Amino acid sequence: MPRTPMMIEKGLTLVDAINEALYQELERDPRVVLLGEDVGLNGGVFRVTEGLQKVFGADRVVDTPLAESGIMGTAIGLAMAGMRPIPEIQFEGFLGPAYDQLCNHAARYRTRTRGAVTIPLTVRVPWGGGIHAPELHSDSPEAIYAHTPGLKVVCPSTPSDAKGLLLSAIRDPDPVVFFEPKRVYRSYREQVPEGDYTIPIGQAKVVQEGSDITVITWGANVFQCLEALDKLPDDVSVELIDLRTIYPIDTDTIIQSVQKTGRCVVVQEAPKTLGMASELATIIQEHCFLYLKAPVQRVAGFDTVMPYYKLELDYLPDAKRIVETIGLTMAY
Amino acid sequence: MTQAHAPTPAPSPAKPDSPRAASRRRMAEQLPDATLIKWLRDMFLIREFENRTAQAYQQARIGGFCHLYTGQEAVAVGTINALQPDDPIVHAYRDHGHALARGMDPRACMAEMFGRASGCAKGKGGSMHMFDKPHWFFGGHGIVGAQTPLGTGLAFAAKYECEVLGKSLPNPGVLDGQPPKKKVALAFLGDGALNQGALHEAMNLAGLYSIPVIYIVENNGYSMGTAIHRGTTMAHDLMAKARAYGIEGRVIDGFDVMELYDHFKPLVDACREEQRPAFVDLKTYRYLGHSMSDPQKYRTKDEVDQFKAKDSIDCMAAYLMGERVDAAGKPSLSQDQFQEMQEEVRALVRDSVEFAENSPVPDPAELYSDVFVNPQPNLSPTAEYVKGARNPLL
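Protein sequence lines, in the order shown, are assigned to chains A and B. So that you can map any letter, position 297 of the first sequence is 297 in the working numbering, and since no number is skipped, the others follow by simple counting. So that you can map any letter, position 390 of the second sequence is 390 in the working numbering, and since no number is skipped, the others follow by simple counting.
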């Protein structure tokens, strides 16, 4: 929706930036259709699609029945016909009922039809913890979808990145799962370019350059890492990488950085075992073995179900754990 | 694109399938005073409990998401009281009322929402995940419709115990060590869940194998912000959905708890006796938003007021204090007794809040308890940190 004076003065939240990207793309491309539970009249569970139905009509911002499998399957059908559907699944846990359609259809159609059918689908999904929600509303399942050949997985951390990456995702000819960190939705503002711009999928961002150790993360954890960096002694020079795209992985940026620093810590919200951090550590040892001065360390959630809010902060990686792990890696 | 079904007007008071004007309240009326007064008390308890929950939530003493049951109390009380205490129940996420109606200690219920170790799920589940196994209450569930196959499975198990194991073994007691008996499971769902595949898969199975589960659609007219006719076909005749699976369906009004019981109890008894499924379109209404953060753009205040005018608690109180009199013309419940009951309930709920507030938060070690039956800390890398420091237990 058009920017308010407050947004012009103080910048956009993640919610504002995604709303703006959707608005601009609905305006630009008549093939774009939004669909999901309460995305129209009510403006979406997190009010990300607020106002869009009023402007673009109920044919393009479609309130659907409460049925994730049906939403996802219908969106895939729309995409097969050449539309640019953007379904919203209200919480990452609700991808469960839609998993079959997403992973067994959308992800595989291009291969299954030997290139005849493509699925230009962008699935928007609020993702991750930190908002006091229980399990199924706070999970971080990015590795599951990154592990599914045929899906691209994006997880921006800032409003500017979110807008540029979402526009890329919508214009991408293949299915993209677009994870939106709920913890950042309204907790951070920044000035976002007003016009049309894209940020390529598959490109990580070096948030801060450094020479002693590489810290890789994505989503809301970028902010915990920045907090940790503030608490580190001045003589530790950290290179912080925001992955932004979970898959395809920007291996070049990672390899270059770790070959330079020789040390790496990966921070993720997801349970530790077989998360993205495991994959990144493997890539690093494959490409940087002789450069490494210490084993790659992971700061992660635990192999348990995301706990209810009183234990939430014990589960989620925080600055303290990140600082400690960086310290252990530096002292190895 | 326009919807094929012309929008029906906003929800209005329902007409039950077979109104029995003359013999209305026949069954419920014959119940003793004490039972009916208990129902009123339980409905009031739920109302009061939700009021306090809302308050605590607004004060940020309860976290996460919170879906209040205010307005629908008669449904939980009327249906659950038609059951045996060991008939299994599953429910969706608007579950505090059902847990209380089933007998969960309000302290355990409130403490769960406060995320405290004394909660019914050790403070690890929260508002949507009330569980009380001793009361055969198999939980609130956070994924819409996903609980309905579970209800089907619980009913399947009871029937299996009766019909298969019961014949071959003297006292198999696969579920609770008790002799097998005919049971009925209740699978509560909201009207939004009507559109989920899981429900249809479950109903088909139940129809096919004649499984004694009753699918109770607590039809409050809205799936989150979507009016029922905007979200499901045949909204004016949900029975069509049940008929497709060979399941008997009934429409029941969910405001008058006694009328609800009159219609529901015979259905439970029949399903128990004949070991078969049923489907109930239970017309009700929630006074508050879908969750605590619902702008409620989808309905008018007038509509809400229309339903509040036939509030189940008001009606029941009026009946017990006016219409229902003994031979001497004395009402079953006096004004003073009602007052006393309200005071008792308010104190109970206040106590539950205090209890919750004063209970400890779960130990961080609880993070990795109950993931598996036999914890295997050495094989799992989960247990490294407690409160941001390395776990001293390892």
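Simulated from the structure, these hints should not be mistaken for laboratory data. Fair warning: there could be bad hints in the mix.
[To be verified] Here are the simulated distance ranges between beta carbons: (1) B/Val371 to A/Pro248: 27 to 37 angstroms; (2) B/Gln84 to A/Gly51: 29 to 39 angstroms; (3) B/Thr300 to A/Lys54: 10 to 20 angstroms; (4) A/Ala58 to B/Gln55: 30 to 40 angstroms; (5) A/Arg28 to B/Thr300: 50 to 60 angstroms; (6) A/Ile255 to B/Gly197: 41 to 51 angstroms; (7) A/Pro248 to B/Val304: 49 to 59 angstroms; (8) B/Val371 to A/Glu227: 21 to 31 angstroms.
Note that the structure is predicted; figures quoted are calculated from it, not measured. Yeah, the Cβ is synthetic: ideal placement off N, Cα and C, and Gly gets one too.
Status of the hints after comparison with the structure:
no., hint, verdict
1, B/Val371 to A/Pro248: 27 to 37 angstroms, "holds (32 angstroms)"
2, B/Gln84 to A/Gly51: 29 to 39 angstroms, "violated (51 angstroms)"
3, B/Thr300 to A/Lys54: 10 to 20 angstroms, "holds (18 angstroms)"
4, A/Ala58 to B/Gln55: 30 to 40 angstroms, "holds (37 angstroms)"
5, A/Arg28 to B/Thr300: 50 to 60 angstroms, "violated (36 angstroms)"
6, A/Ile255 to B/Gly197: 41 to 51 angstroms, "holds (44 angstroms)"
7, A/Pro248 to B/Val304: 49 to 59 angstroms, "holds (50 angstroms)"
8, B/Val371 to A/Glu227: 21 to 31 angstroms, "holds (29 angstroms)"
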